[in-house]
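Q: Read off the chains here:
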Amino acid sequence: MSGPAGPEVRDERARRAGGAGVIPPARKGAPAPGAWLDAARRARLSVLPALAVILCLLGAWELYVDLGGVDPLVLPAPHAVLASLYDDRALLWSNFLVTAREIALGIVAAMAAGLAMAVVIHFSPTLRRALYPLLVASQAVPVPMLAPVLALWLGFGILPKVVVIALVSFFPVVVTTLAGFAAVDPELLRLMRTLDAGRLETFRRVELPAALPSVVTGTKIAIVVAVIGAVFAEWMSASSGLGYLFEQSIAQLLPARAFATTAVLCALSIGLFTLMTVAERRLLPWANQPKSEGDR
Amino acid sequence: MIEAPAQPPVRSPGTGVRVERVTKAFRTRGATVRALDGVSLRAEPGEIVTVVGPSGCGKTTLLELICGLSRPDGGTVECDPAALMPQRDLLLPWLSAVDNAALALRVRGLPRERARAHAAPWLERFGLGGFEQARPAQLSGGMRQRVSFLRSLLAGKPVLALDEPFAALDAITRAEMQGWLAHVLDSEPRTVVLVTHDVEEAVLLGDRVVVMSARPGRVVRTLEVDLPRPRRRTEPGVLALREAVLEALGVQG
Ligand SMILES: Nc1ncnc2c1ncn2[C@@H]1O[C@H](COP(=O)(O)OP(=O)(O)OP(=O)(O)O)[C@@H](O)[C@H]1O
Ligand SMILES: [Mg+2]
Numbered sequence: 162m163s164g165p166a167g168p169e170v171r172d173e174r175a176r177r178a179g180g181a182g183v184i185p186p187a188r189k190g191a192p193a194p195g196a197w198l199d200a201a202r203r204a205r206l207s208v209l210p211a212l213a214v215i216l217c218l219l220g221a222w223e224l225y226v227d228l229g230g231v232d233p234l235v236l237p238a239p240h241a242v243l244a245s246l247y248d249d250r251a252l253l254w255s256n257f258l259v260t261a262r263e264i265a266l267g268i269v270a271a272m273a274a275g276l277a278m279a280v281v282i283h284f285s286p287t288l289r290r291a292l293y294p295l296l297v298a299s300q301a302v303p304v305p306m307l308a309p310v311l312a313l314w315l316g317f318g319i320l321p322k323v324v325v326i327a328l329v330s331f332f333p334v335v336v337t338t339l340a341g342f343a344a345v346d347p348e349l350l351r352l353m354r355t356l357d358a359g360r361l362e363t364f365r366r367v368e369l370p371a372a373l374p375s376v377v378t379g380t381k382i383a384i385v386v387a388v389i390g391a392v393f394a395e396w397m398s399a400s401s402g403l404g405y406l407f408e409q410s411i412a413q414l415l416p417a418r419a420f421a422t423t424a425v426l427c428a429l430s431i432g433l434f435t436l437m438t439v440a441e442r443r444l445l446p447w448a449n450q451p452k453s454e455g456d457r
Numbered sequence: 083m084i085e086a087p088a089q090p091p092v093r094s095p096g097t098g099v100r101v102e103r104v105t106k107a108f109r110t111r112g113a114t115v116r117a118l119d120g121v122s123l124r125a126e127p128g129e130i131v132t133v134v135g136p137s138g139c140g141k142t143t144l145l146e147l148i149c150g151l152s153r154p155d156g157g158t159v160e161c162d163p164a165a166l167m168p169q170r171d172l173l174l175p176w177l178s179a180v181d182n183a184a185l186a187l188r189v190r191g192l193p194r195e196r197a198r199a200h201a202a203p204w205l206e207r208f209g210l211g212g213f214e215q216a217r218p219a220q221l222s223g224g225m226r227q228r229v230s231f232l233r234s235l236l237a238g239k240p241v242l243a244l245d246e247p248f249a250a251l252d253a254i255t256r257a258e259m260q261g262w263l264a265h266v267l268d269s270e271p272r273t274v275v276l277v278t279h280d281v282e283e284a285v286l287l288g289d290r291v292v293v294m295s296a297r298p299g300r301v302v303r304t305l306e307v308d309l310p311r312p313r314r315r316t317e318p319g320v321l322a323l324r325e326a327v328l329e330a331l332g333v334q335g
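Sequence lines, in order, name chains A and B.
No gaps in the numbering here: position 208 of the first sequence is 369 in this note's numbering, and each next residue is one more.
No gaps in the numbering here: position 82 of the second sequence is 164 in this note's numbering, and each next residue is one more.
In case anyone wonders, no lab produced these hints; they're calculated from the structure.
One should not assume that every hint holds.
Just the calculated beta-carbon pair ranges, DEER-fashion [claimed, not checked]:
#1 128/B to 289/A: 43 to 53 Å
#2 194/B to 436/A: 27 to 37 Å
#3 287/A to 302/B: 43 to 53 Å
#4 103/B to 350/A: 23 to 33 Å
#5 264/B to 442/A: 36 to 46 Å
#6 347/A to 137/B: 19 to 29 Å
#7 289/A to 153/B: 20 to 30 Å
#8 343/A to 203/B: 31 to 41 Å
#9 348/A to 206/B: 24 to 34 Å
#10 321/B to 289/A: 56 to 66 Å
#11 120/B to 444/A: 50 to 60 Å
#12 114/B to 303/A: 42 to 52 Å
#13 444/A to 103/B: 48 to 58 Å
#14 348/A to 103/B: 24 to 34 Å
Note that the structure is a prediction, hence the values are computed from the model and not measured.
Just so you know, even glycine gets a beta-carbon here, dropped at the ideal spot from N, CA and C.
The shape of chain A in the complex, shown without the other chains (with noise of 0.2 Å):
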């Protein structure tokens, strides 16, 4: 019974050989340098043809403003709104600092007590009947509405936009999480019971870890309903941010500096995003890789 040597042996033959220079060992998970280069190579040539789209789009609407005869006042051109996003500059960034602020604290909120509830969730059978339908009706609640009632009660502060931001975040964290510690592989939880592992040293060594990037994809879900939330807490009760800035701008007949609001709250909420990508990638770098052969 001895067929030829599948692709396997040979590469494991070559591997072995290779010894530990193939892969890299020491520095767990720290790609080699070139590697670095080759992934930002790769990731402008994706971005390219996304990119090309945006500059169709913005050359088509300079081009309608421009020889449509549009009234500035209804919609400014895309040079009028750079203008404005390097005119406006300072006062931008001082708004995007405040909105920024909130958000970042916000969303550490949302995570804190997201895990939190996850795990009380995930460990009580009791608290999920008596929580999990709560949070479910707790997103039937609509957030403009919510906003002017925080800010009666939290006044005009950081608080009820933090309060805001972090209500609306909340749900995507526990939900997603929640997944996470469902997916875990039930035979691997068996397995932990044959090591003697009890509930807790199952729950630290495998159920936590396996629904970290459940919890990163529930952060990033976070982030894009955090920037709404945000705005519409500003716009109910704030002297500063970029949601108020838009609202002023408006009111004040500046829309090329409300479109320059939004695109920088649009370049925040994608600065968050990739934040959280790149932290996936080097903190979790065992996820979303191709699944391994043994797991068929």
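For this one, chain A is given, so just place chain B with the ligands on it according to the hints.
A: Structure of chain B with the ligands alone, referenced to chain A:
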């Protein structure tokens, strides 16, 4: 839901494995699948018993009973604490090879460095030297199986329940692994119940071969293998026993 750690039915060291007339059925949405129907199996301490049978005859179910992961519907299971090597390797993708192998030690409360120091020589011995820090995705199928085997070995339990440990491997790697296993068990004697659907493997590795029928699983024959080790797959005794097992399975040789 996670239950408490698996409790072998009877914890009396020196029992080996004693499975007596065990029945086990699974009920799923009305339909009942009889997986095991009066299966008996004995492995004295230090013995290697191999179990062969067609796919779906209840081999994995039998090992789960031995490991205390489930209870029989009827009959009795008595055995020393057993560690399972699952059919799929089930390595933790976020842990390095050495940390996967040392998982049982960590669970038992050993500090990380001591657990690693304990596991590292074993990786070396199993041809995984230089791959201590590699994650499962960076290992070949055969290497992952070895790490998975080490994880159950280092659990330090007197019984090893091995579920088709070499099934996913090509012929050459499998032969290599069989040699490794025989070698390790020489220096580190354990009671072993090894499930396989490879008849040759069963004869090469076992002190006794238990042949099971298709579902519902029954023991159709138990053959003693009184051949000196190491055995070669071409020697007459092995070939004769192979024929006997195939006949018991109802396969024309
Ligand atoms: N948890 C379960 N729920 C329902 N049915 C099950 C369960 N576990 C096993 N079975 C059934 O019991 C029978 C025996 O399963 P088992 O996994 O023990 O077979 P096996 O001999 O290990 O097969 P293979 O060689 O393919 O691994 C199968 O028909 C299977 O469908
Ligand atoms: Mg099986």
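Q: Against this structure, judge whether each hint is valid.
A: Hints, verified against the model:
{"no.": "1", "hint": "128/B to 289/A: 43 to 53 Å", "in the structure": "47 Å, holds"}
{"no.": "2", "hint": "194/B to 436/A: 27 to 37 Å", "in the structure": "30 Å, holds"}
{"no.": "3", "hint": "287/A to 302/B: 43 to 53 Å", "in the structure": "49 Å, holds"}
{"no.": "4", "hint": "103/B to 350/A: 23 to 33 Å", "in the structure": "30 Å, holds"}
{"no.": "5", "hint": "264/B to 442/A: 36 to 46 Å", "in the structure": "43 Å, holds"}
{"no.": "6", "hint": "347/A to 137/B: 19 to 29 Å", "in the structure": "21 Å, holds"}
{"no.": "7", "hint": "289/A to 153/B: 20 to 30 Å", "in the structure": "27 Å, holds"}
{"no.": "8", "hint": "343/A to 203/B: 31 to 41 Å", "in the structure": "38 Å, holds"}
{"no.": "9", "hint": "348/A to 206/B: 24 to 34 Å", "in the structure": "29 Å, holds"}
{"no.": "10", "hint": "321/B to 289/A: 56 to 66 Å", "in the structure": "59 Å, holds"}
{"no.": "11", "hint": "120/B to 444/A: 50 to 60 Å", "in the structure": "53 Å, holds"}
{"no.": "12", "hint": "114/B to 303/A: 42 to 52 Å", "in the structure": "51 Å, holds"}
{"no.": "13", "hint": "444/A to 103/B: 48 to 58 Å", "in the structure": "53 Å, holds"}
{"no.": "14", "hint": "348/A to 103/B: 24 to 34 Å", "in the structure": "27 Å, holds"}
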